[in-house]
Structure formats: structure tokens, C-alpha cells
Amino acid sequence: MVPALLLGLPAIVLLLMFLIGPFFAGIGFSFTNIRLISANPVESVGLRNYQRLVKVAVLKVEPVMDPATGQPALDEDGNLVYPRSRDFTRDEENYPRFAGTREWFDFNIGDTRYYVLAGDPTFMKSIINVIFFALIVIPLQTGLGLLLAILVNQKLKGRNFFRTIYFSPVVTSMVVISIVWVFLYDKDNGLVNQFIGLFGLPAVNWLGQTSTAMLAIIVMSVWQGVGFQMILFLAGLQGIPDFLYEAASIDGANTWQKFRNITLPGLRGIFVFIIITITIAAFQLFTQPYVMTNGGPDDATTTVVFHMVRKGFREQDIAVASAIGVLFFLFILGISMVQRFILRDQEA
Amino acid sequence: MTASTQSVAVSKSSKRRLPKDWKSKVVQYATNLILVIFFIFPLVFMIMASFKPNDQIFADLRSLRAFLPVGDLSLTNYQAVFAKSKFPRFLFNSLFISVTTILLSLIVNSMLAYALSRLKWAGQKLVLAIIIATLIIPGETVIMPLLLLVSKLPGLSLTEGITTGWLNTYHVQIIPFIVSAFSIFLFYQFFRDIPKELDEAALVDGASRFQIYYKIILPNSGPVIATVTILTFIGAWNSFLWPTMVIQSEELRPVMVGMQYFFQQDTEWGEVMAYAAMITIPVLLVFLLFQRSFVQSIASSGIKG
Chain G
1 MVPALLLGLP AIVLLLMFLI GPFFAGIGFS FTNIRLISAN PVESVGLRNY
51 QRLVKVAVLK VEPVMDPATG QPALDEDGNL VYPRSRDFTR DEENYPRFAG
101 TREWFDFNIG DTRYYVLAGD PTFMKSIINV IFFALIVIPL QTGLGLLLAI
151 LVNQKLKGRN FFRTIYFSPV VTSMVVISIV WVFLYDKDNG LVNQFIGLFG
201 LPAVNWLGQT STAMLAIIVM SVWQGVGFQM ILFLAGLQGI PDFLYEAASI
251 DGANTWQKFR NITLPGLRGI FVFIIITITI AAFQLFTQPY VMTNGGPDDA
301 TTTVVFHMVR KGFREQDIAV ASAIGVLFFL FILGISMVQR FILRDQEA
Chain X
1 MTASTQSVAV SKSSKRRLPK DWKSKVVQYA TNLILVIFFI FPLVFMIMAS
51 FKPNDQIFAD LRSLRAFLPV GDLSLTNYQA VFAKSKFPRF LFNSLFISVT
101 TILLSLIVNS MLAYALSRLK WAGQKLVLAI IIATLIIPGE TVIMPLLLLV
151 SKLPGLSLTE GITTGWLNTY HVQIIPFIVS AFSIFLFYQF FRDIPKELDE
201 AALVDGASRF QIYYKIILPN SGPVIATVTI LTFIGAWNSF LWPTMVIQSE
251 ELRPVMVGMQ YFFQQDTEWG EVMAYAAMIT IPVLLVFLLF QRSFVQSIAS
301 SGIKG
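Residue numbers (my numbering), protein chains in the order written: chain G, 1 to 348; chain X, 1 to 305.
Derived by calculation from the structure, the hints in this document are not laboratory data. Some hints here could point you the wrong way.
Once the Cα atoms are required to be at most 35 Å apart in a straight line, the calculated DSBU-like pairs of lysine-lysine come out as [claimed, not checked]:
| id | chain 1 | residue 1 | chain 2 | residue 2 |
| --- | --- | --- | --- | --- |
| 1 | G | LYS187 | X | LYS84 |
| 2 | G | LYS187 | X | LYS120 |
| 3 | G | LYS155 | X | LYS23 |
| 4 | X | LYS120 | X | LYS215 |
| 5 | X | LYS125 | X | LYS23 |
| 6 | X | LYS120 | X | LYS196 |
| 7 | X | LYS23 | X | LYS86 |
| 8 | X | LYS25 | X | LYS125 |
| 9 | X | LYS25 | X | LYS84 |
| 10 | X | LYS215 | G | LYS155 |
| 11 | X | LYS196 | G | LYS157 |
| 12 | X | LYS125 | X | LYS86 |
| 13 | X | LYS196 | X | LYS215 |
| 14 | X | LYS23 | G | LYS157 |
| 15 | G | LYS55 | X | LYS125 |
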């Protein structure tokens with residue numbers, strides 16, 4: 001008992017202080033107004049931080065009428081004029097339902113305009129951004145990862161060399177990679193624009209415009225991380241017994257049939273695992289937007305963790321940042337339960 | 001097309017079938033060559049640019065010269081890194097933090113794992129269950145409350161006596177990262193598979209539990225020590241978000257944060273590339289030396305989920 005305590009105590013104390021303690025403290029903080037540095041006393045605010053983060057409301061407005069003619073008013077360009085969303089969100093007395101919200105985006109159905117309001121529009125944008133990231137990266141990284149794994153699994157001279165090259169970005173620091181790629185993506189002198197210029201395409205300000213900034217980060221992230229998926233698929237491929245392929249050959253199966261009916265089913269567990277790790281990694285995305293775009297332009301590359309750091313560190317709002325951290329944990333918890341469920345289903 | 005079908009084809013191939021095989025080999029080599037270029041061009045560009053003056057970097061971009069060691073090559077950019085930043089200091093900080101974290105984490109995590117796998121004590125099962133449960137807690141959930149916590153923790157300073165807050169210290173970059181539920185778990189799994197007969201023989205010979213730990217268990221745990229070392233090193237060396245928040249002093253800055261500052265204050269491409277090369281090439285060389293361990297360690301870190 002005594003040696004066990006002596007041996008185990010340092011790790012247990014550190015675990016309590018720096019993992020379990022902060023974990024529960026974070027849950028507690030998320031129900032308060034605690035700040036990093038503040039003269040005000042800490043007070044409980046109930047669910048307010050969470051409500052603010054997830055609050056979404058839709059505001060329906062009709063075009064403004066011209067009182068003189070009774071017809072809809074038009075601006076100089078001949079477009080319909082609508083009341084501004086902030087006329088409602090800042091009028092707590094008459095519209096308490098929209099209190100504390102700001103405009104996230106708007107759309108029209110016919111002449112009626114709908115403003116979608118959110119308690120924290122940037123948080124909502126960050127969730128959409130990471131979902132977009134995941135939806136593009138999942139097919140790219142699984143497809144390319146599987147292709148690489150198949151290639152380096154061939155009996156080919158130099159395959160260890162190829163494997164090492166494809167894996168090397170995984171062990172390179174993301175800060176370094178991000179900075180080097182800022183130069184590659186440079187509008188005037190970047191290699192990427194030089195390269196597409198060879199095909200007569202015009203130069204693109206990859207990181208400087210909302211339509212391409214996230215795509216640029218996605219391409220770089222796939223390039224950096226795909227070696228990891230390659231290794232996982234490689235392990236999966238090597239786990240498929242050879243006799244299955246031999247039996248299929250005897251039965252006259254062609255290459256595609258063998259791939260479709262032996263390789264793909266044999267890799268199902270790996271596929272599930274990879275899709276889940278990529279989804280989690282998308283929600284963890286931080287270094288790339290921090291170094292390359294600072295979350296911009298116009299929040300186009302703001303991610304969940306980036307927003308959390310902006311809240312907690314730059315704005316010193318530890319309470320809201322902790323609430324984002326708790327939501328993040330619930331998300332991870334949910335996704336690992338989905339993973340368990342899918343894999344259990346497969347085994348049965 | 002698939003790996004194993006190919007290997008089946010190869011094993012069955014005779015001289016008669018060689019031409020077909022030969023064609024597919026050419027396709028495979030060509031594909032690999034394109035991929036090698038795709039994966040290696042940023043690194044080659046970085047290294048070459050680090051030796052070139054800025055105007056030449058831009059001029060070379062229009063041709064393959066961007067990837068070749070041609071023209072006016074010098075160490076000017078490297079000298080500029082040393083002149084414009086405290087690079088040696090940043091390097092020392094990162095090495096010191098990495099080595100200290102690795103050593104302490106090897107000791108602390110393996111001791112608990114030994115107690116869990118080899119000794120009988122009250123609460124053992126509970127502690128093991130808690131450690132497995134904590135594997136799911138993401139660092140992102142803990143980092144903000146931890147920031148507040150370390151800003152309030154008492155510290156001891158040689159010059160100021162008892163201080164408040166761990167911000168701007170070495171230990172704030174080390175102590176929170178010593179213990180790792182995943183490392184404990186790796187050690188635990190490995191120790192469990194070391195035959196118990198070894199301990200029993202040593203006990204008969206009069207060895208203490210602690211002696212068994214460091215004379216029998218640890219010397220037989222090379223692979224798991226390598227894995228924990230590699231994973232802890234990658235984490236410590238690449239750490240970025242945490243030091244960005246807790247370190248304001250330039251004296252205590254690690255290399256990655258130093259690089260971000262250098263990048264922001266200075267847009268001379270060649271100099272930034274020289275800085276990047278100096279913190280990337282050594283790690284890549286270590287990776288090349290211990291490839292197998294690196295790949296296995298990183299793969300295992302992904303499989304924990």
C-alpha cells in the first residue's frame with residue numbers, strides 16, 4: 001500500500017490539478033460571469049452563456065412602404081427597401097424575443113425578407129466553417145489516403161522511401177507549415193499562382209477573400225495530414241488476409257470486384273475511425289487560421305477553437321470560453337458514442 | 001489495382017507475364033514520382049529560398065530554379081535570423097522544456113502505471129477507471145479554465161519570494177503537461193504484458209517493489225518508453241497555443257511562438273524560410289533516424305479514440 005501510494009501519488013495529484021480539476025472548474029465557470037482579470041465579484045448567471053451561444057431566431061420583415069404612394073419604396077438602384085435588423089434587435093422593449101441577438105445572415109422568399117439572428121453569430125459561423133471543412137476534407141483525405149496506402153503497399157522498390165516522404169508533413173510543425181504556405185499562397189509572388197499561371201489562369205488572392213480562404217486552408221491541411229490516414233489504411237490493408245484475394249482469383253473475380261468486395265469491406269472499421277478523427281480534427285482546427293488568416297476575412301476562417309481562444313484570451317471572457325469548451329466536450333462525447341454504435345452494429 | 005491483388009499477381013507472375021507487370025510498374029513509379037513532388041515541394045522551396053536573397057527568390061519563382069540551389073547562395077538569411085531575433089534563446093527554451101517534460105513524464109506516468117499493473121491497493125480499480133475516462137477529455141475543453149487556474153497559482157521566486165501566478169515562467173510550460181492519461185494507459189498496457197515471473201523471482205531475491213520497477217520493469221520497456229518520448233516530444237516541441245497565452249516575456253518564448261513573432265515583424269521571405277528550416281530540418285532528421293517508432297507512435301495516438 002505504501003509503495004503504491006508513493007509511486008502513484010505524483011501522477012494522481014498532477015492529473016487532479018491539471019486535467020480533472022480544470023475540467024470540472026470549466027463546467028462550473030460556464031454558469032458564471034467569471035473573467036480572466038476582473039474587479040467585479042463572480043456571480044452565477046445560470047444558463048445565460050449557453051443560451052447566448054446557441055440562441056437563433058428568425059425575423060420576418062416586409063418591404064418598407066412609401067407613405068406618399070402606398071407602393072413599396074425603392075432605393076436609388078430600384079431595389080426594395082427593408083427595415084434594418086438592428087431596429088429590432090436593439091429594441092428590447094418592443095421585441096424582447098430578439099434581445100441580445102445580432103444578424104447572422106438574411107435571405108428572401110418573394111418580397112419578404114428573413115433575417116436569421118443569433119446570440120453569437122461568430123460562433124454560428126465558426127460551426128458552419130468547421131462543418132464545411134470536415135465535409136470537404138473527409139472525402140479528400142480518405143480518398144487520397146487510401147490511394148497512397150495502396151501505392152506504398154505494392155511490392156515496389158523504394159516504397160519505404162515513398163512512405164517516408166508522404167508521412168513527413170505529419171511530423172512537421174503546423175506553425176511552420178502554415179507560414180511557408182502563406183508564401184506559397186501569396187497573390188503576387190506565390191508558387192501556387194505561378195503554377196496555375198502556366199495554364200493561363202489568373203492570379204487568385206487565396207487567403208484574402210472569403211470565397212477561397214477556407215479552401216486554401218483545406219488543401220494545405222489535406223496535404224499535411226494525409227500521410228496519417230495513409231498509415232492507418234496501410235495497417236488495414238495488411239490486416240486483410242491474402243487467402244481472400246486468392247480465393248476470389250480462383251473464382252474469377254477481376255481487380256475491381258476484389259477491391260469492391262474484399263478490400264472496401266475489410267477497411268470499414270478504418271473508414272469509420274478516419275471519418276470520426278477528421279471530424280474531431282475539424283472542430284479542433286486552430287493553428288492554420290490563427291497563423292494564416294487571423295480568422296478572416298470576414299470570419300470566413302474562424303473556427304470553434306479560434307473563437308474560444310478569442311473569447312477567453314483576447315476578450316478575457318473565461319466563462320463563455322469555458323461554455324464553448326463544455327459544448328466541445330459534449331460534441332466529442334456524442335461522436336464517440338456514434339462511433340461505438342456504428343462499430344458494434346458492424347460486428348453484430 | 002489493390003495492394004494485395006497486385007501481390008497475388010506478382011507471386012504468380014512468370015516470364016511470360018512480365019510485359020504486363022512491367023507496364024503497371026511504370027504507372028506506379030510515375031504516380032509515386034508525381035506524389036513525391038507534391039509532398040516535398042514546399043520543403044524544397046523552403047530550404048532553397050533560405051539561402052537566396054529576396055529578389056532572387058522572386059525571380060526564380062517563374063521557373064524550376066525555385067527548387068534548385070542555383071544563383072547567389074549565402075548564409076545571409078541565417079545570420080539575419082540570429083541578428084533580428086533571440087533564436088538561440090528560443091531554441092534553448094524549447095529544448096529545455098521538451099527534455100524536462102519528457103523526463104518527468106516518463107517517470108511520473110510509468111510509476112503510476114506500475115502501481116496500477118503490479119501492486120494491490122485500495123482504490124486501484126477506481127483510479128484506473130478514472131484514467132480511462134479522462135482519455136476522452138479534449139485539451140480544448142480544459143485549456144481555458146486551466147489558463148485562469150495557472151494565473152492564480154502561487155509560485156516561488158528566488159528574487160521575489162512567494163508570487164501569485166505562473167504566467168511567464170518555465171514551469172507553466174512544463175508541469176501541466178507532465179501527466180498524460182494516454183501515456184499512463186500505454187505504460188499500463190505494456191507492463192501488464194511483462195511476465196509476472198520476473199517480479200516474483202526478484203521478490204524472492206529480496207528486491208523491493210521500487211527496485212523491481214526500475215531494475216526489471218523499466219529496462220524491459222524500451223518500445224513504450226520510445227513511444228511516450230516521441231509523443232511527448234512532438235507535443236512539447238510543437239506547442240503553440242498554450243505558450244501564446246501564458247508567455248509574454250521574450251526570454252521564455254519557445255521556437256514556434258518565436259517563429260510566429262518573427263514572421264509578423266519581418267516579411268523578408270528568405271529570413272523566415274531560414275528560421276523555418278532551422279526548426280524543421282533537425283526534427284525531420286530525427287524522424288528519418290527513428291521512422292518506424294515515429295510512425296507507430298503517431299498511429300497509436302490516433303487509435304486511442
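Structure-based check of all given hints:
Between the alpha carbons of LYS187 of chain G and LYS84 of chain X the distance comes to roughly 26 Å, so the proposed pair stays at or under 35 Å and holds. Note on LYS187 of chain G and LYS120 of chain X: the hinted pairing is violated, with a Cα-Cα distance of about 64 Å set against a maximum of 35 Å. Between LYS155 of chain G and LYS23 of chain X the CA atoms are separated by roughly 14 Å; this keeps the pair inside 35 Å, and the hint holds. In summary, the hint linking LYS120 of chain X to LYS215 of chain X is supported, as the alpha carbons are separated by about 20 Å, within the 35 Å threshold.
Distance hint between LYS125 of chain X and LYS23 of chain X is unfulfilled; the C-alpha atoms sit about 59 Å from each other, more than 35 Å. Restraint check for LYS120 of chain X and LYS196 of chain X: the C-alpha separation of about 14 Å stays at or below 35 Å, so the hint holds. With a C-alpha separation of about 55 Å, the suggested pairing of LYS23 of chain X with LYS86 of chain X is violated against the 35 Å cut-off. Restraint check: the Cα-Cα separation between LYS25 of chain X and LYS125 of chain X comes to about 55 Å, which exceeds 35 Å; the hinted pair is violated.
Between LYS25 of chain X and LYS84 of chain X the alpha-carbon distance is near 50 Å, which puts this suggested pair outside the 35 Å criterion. Restraint check for LYS215 of chain X and LYS155 of chain G: the C-alpha separation of about 43 Å exceeds 35 Å, so the hint is violated. Proposed proximity of LYS196 of chain X and LYS157 of chain G is contradicted: the alpha carbons are some 43 Å apart, above 35 Å. Simply put, LYS125 of chain X and LYS86 of chain X have alpha-carbon atoms about 49 Å apart, too far for the 35 Å limit, and the pair is violated.
Distance check on the hinted pair: LYS196 of chain X and LYS215 of chain X sit about 14 Å apart at the alpha-carbon level, within 35 Å; holds. A C-alpha spacing of about 15 Å is found between LYS23 of chain X and LYS157 of chain G, which places the hinted pair at or below 35 Å, so the restraint holds. Proximity of LYS55 of chain G to LYS125 of chain X is assessed by CA-CA distance (about 42 Å); at most 35 Å being required, the pair is judged violated.
Violated hints for the displayed structure, listed by number in ascending order: 2, 5, 7, 8, 9, 10, 11, 12 and 15.
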